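Protein chains: 2
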Amino acid sequence: GTRDHPPAHVALRDRLLATVVTCFKRHGAAAIDTPVLELRETLTGKYGEDTKLIYELQDQGGELLALRYDLTVPFARYLAMNKITNMKRYHVAKVYRRDNPATTRGRYREFYQCDFDIAGQFDPMIPDAECLKIVHEILSDLQLGDFIIKVNDRRILNGVFAVCGIPESKFITTCSTVDKLDKMPWEEVRSEMVGEKGLSPEAADHIGEYVQLHGGLDLIEQLLQDPKLSQNKLAKEGLGDMKLLFEYLTLFGITGKISFDLSLARGLDYYTGVIFEAVLLQPENDHVEEPVSVGSVAGGGRYDGLVGMFDPKGRKVPCVGVSIGIERIFSILEQRVKASGEKVRTTETQVLVTTPQKHLLAARLKLISELWDAGIKAEMLYKKDPKLLKQLQYCEDTGIPLAAIIGEQELTDGVVKLRDVTTREEVRM
Amino acid sequence: GTRDHPPAHVALRDRLLATVVTCFKRHGAAAIDTPVLELRETLTGKYGEDTKLIYELQDQGGELLALRYDLTVPFARYLAMNKITNMKRYHVAKVYRRDNPATTRGRYREFYQCDFDIAGQFDPMIPDAECLKIVHEILSDLQLGDFIIKVNDRRILNGVFAVCGIPESKFITTCSTVDKLDKMPWEEVRSEMVGEKGLSPEAADHIGEYVQLHGGLDLIEQLLQDPKLSQNKLAKEGLGDMKLLFEYLTLFGITGKISFDLSLARGLDYYTGVIFEAVLLQPENDHVEEPVSVGSVAGGGRYDGLVGMFDPKGRKVPCVGVSIGIERIFSILEQRVKASGEKVRTTETQVLVTTPQKHLLAARLKLISELWDAGIKAEMLYKKDPKLLKQLQYCEDTGIPLAAIIGEQELTDGVVKLRDVTTREEVRM
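From first to last, the protein sequence lines stand for chains Z and F.
For any residue, its number in this note's numbering is found by taking its place in the first sequence, counting from 1, and adding 1.
For any residue, its number in this note's numbering is found by taking its place in the second sequence, counting from 1, and adding 1.
Treat the hints with care, as some may be off.
You can't tell identical chains apart in this list, so a pair holds if it fits in one copy or across any two.
As the list claims (entries may be wrong) - Once the Cα atoms are required to be at most 27 Å apart in a straight line, the calculated DSSO-like pairs of lysine-lysine come out as: (1) K244 <-> K317; (2) K26 <-> K95; (3) K26 <-> K391; (4) K234 <-> K198.
What the hints contain is simulated information worked out from the structure, not anything from laboratory work.
Keep in mind it's a predicted model, so treat the numbers as computed, not measured.
Based on the provided sequences and hints, a complete structural model is requested.
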């Protein structure tokens, strides 16, 4: 479930992380860092059915600790502990889950999360729109192919549940059942609702009419006219904000990739408003035109109640955030690199310092020291008298573009011969 | 013992880590990554007296796990598991110790280590010299003030113990007592040797004559002539290599900061050859000329036996490595920043998109979207109608250098007013 990452892996991952962090910084986020270890009680009651996946440590002298499950709950605790009411931050770090790892789908027990969050009381939907813009920028920058960002609102879902006659105590559990609609057909979701969750068949069918809808501004307008839903205060609020969100996304020029999708529920307990999830699309094959989803690569939403849970006086700080699923993206790009046969360089060495004759170790050591001091990335073989062929072979194996050659003649003349490893061109300088 | 890191902290730390990683890459190292969780048995028996500081996890279904204590043992396990006999790698990551944290001295239960290691069978002392060059480069690049790098060799120490009549079974424990010489006077170390460790007073005194010596090539030559030490095979080997090391360090031009110091022992069990430690120096006060050490900021050494402990057939891979004590360095630089009153920027935002009148949110959203798409780091206030003064104040508070101002007139003219926040100069463009 955990694994070592060899150099080719880390080199590619660092490239991905750099793209993500560059985007987070472009949006003015500051970085914070919280410990891997949290008090167990900090994590309990935040993750719904997933609480059982939390890694627990042995009793450390009265302290019951656990490994963090995500970066959102520690962020909320951080805000509350430090009485911060206003912050835009990113955090790129590993989280831990005692899951049965599905390693082929890029799921492990230890994996990176890349989070961007905006905390504070602001005018509605401006920060929410920025989160969606960020997802759009990152997925475009990474050139992952076609994608769609599904958007919904917990208030709309709760409104739907209410008008379908579901008691409020069953909203969260119904939510996590709806959330399975991306992995199983409606019939199965319906039977879980009726069988396991105890909803009436009529209520389930009624829910089904709503949660299978998706569209854009037109659908928002249509639901705002829906005689039952428009009577529900929560749903009306959510639909009004959804309309505002689409206005802002139009100004950002990204509505082409956004789908208002009532089946989107997201499993975590702490969401309170807008929720969203980005999925990559792939043409199924040449005969079928409909693209199929190859999995979620980013998600997030608004969680206005979480910070208050850590504040002794319950003071709330509204928050909205996005998490980029870097491990999933990594698996896809890794497969692509493999298929293309591209060789990922694992070092950045610019020049190998070489000697063509024996007894020239001192000359190599002096030259490489000068290169390092000048900030040039340089290597040499750790042998007293390596063969020139071996040295040049090392350049080819590792992708070092230049060899600096110093022999007796060069030492006498006070020059260095620089060889382009690929073209074999040489200059003395 | 663990702590949150606010933005100003992370910004400064990232600056330090970037310097360290740049140096590691300059020397051609590739990055690997290993999990925070290791099997408990991997870690036991490697850290001498510090084994009690290892954090243990609850039984995870038959797997007894622990949090890594350093990055060296996981690296050795990685080499053995993957049958790698040759590698230059760096790893920057957090490690965990159940220590009583001395937070004023920059010691915590969760902290970064920055390691560079060279594994492989090579001609003697070339990789070892490179490790010392790396320490020299990093401490110079960070401009931490004067420093000295103490060097010794476990073989020389063991030779000293042997000629002083200590049985081999007591070498490691004697070593960890000698290691305390940088924190307590010889008299106390001597009494621990005689009292707790059970050495004879004569043997302890004899050891004392050696371990209080320090110098350069002259001292190496002197010890090579020492009638007893030169008869000891291990000591002779170590002294011969030490001489070679000083030759290479002379070619690197860094012997001015290197001290061959027989009191240096280093506590960890796994060292087998050269060991070293860098300490920062500080003039004690104006009256005393002798600089005093303000603590160790880097250390390392050769551990030729560790990989073999993880190989089922015991195959050895010689290794030498260095660890940069980034947390200690951080405390020093943090104090310096505090004293200077310098304000560390926590974001990199280049421009704030502002409007001077009401009802211009759409204009701001359109402009900021264009800036982001052009790769420019931009922010705006998340308010529909913020006051211009508030917006400019935000620039001053966060150090954003430019404000892009669009009002009715600019929209009509199709231009943007760009304002330098410090000089208040404005241009329309």
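We went through each hint and held it up to the structure:
no.: 1; hint: K244 <-> K317; in the structure: within (25 Å within a copy, 66 Å between copies)
no.: 2; hint: K26 <-> K95; in the structure: both (19 Å within a copy, 23 Å between copies)
no.: 3; hint: K26 <-> K391; in the structure: between (44 Å within a copy, 22 Å between copies)
no.: 4; hint: K234 <-> K198; in the structure: within (25 Å within a copy, 78 Å between copies)
Of the numbered hints given earlier, the model fails none.
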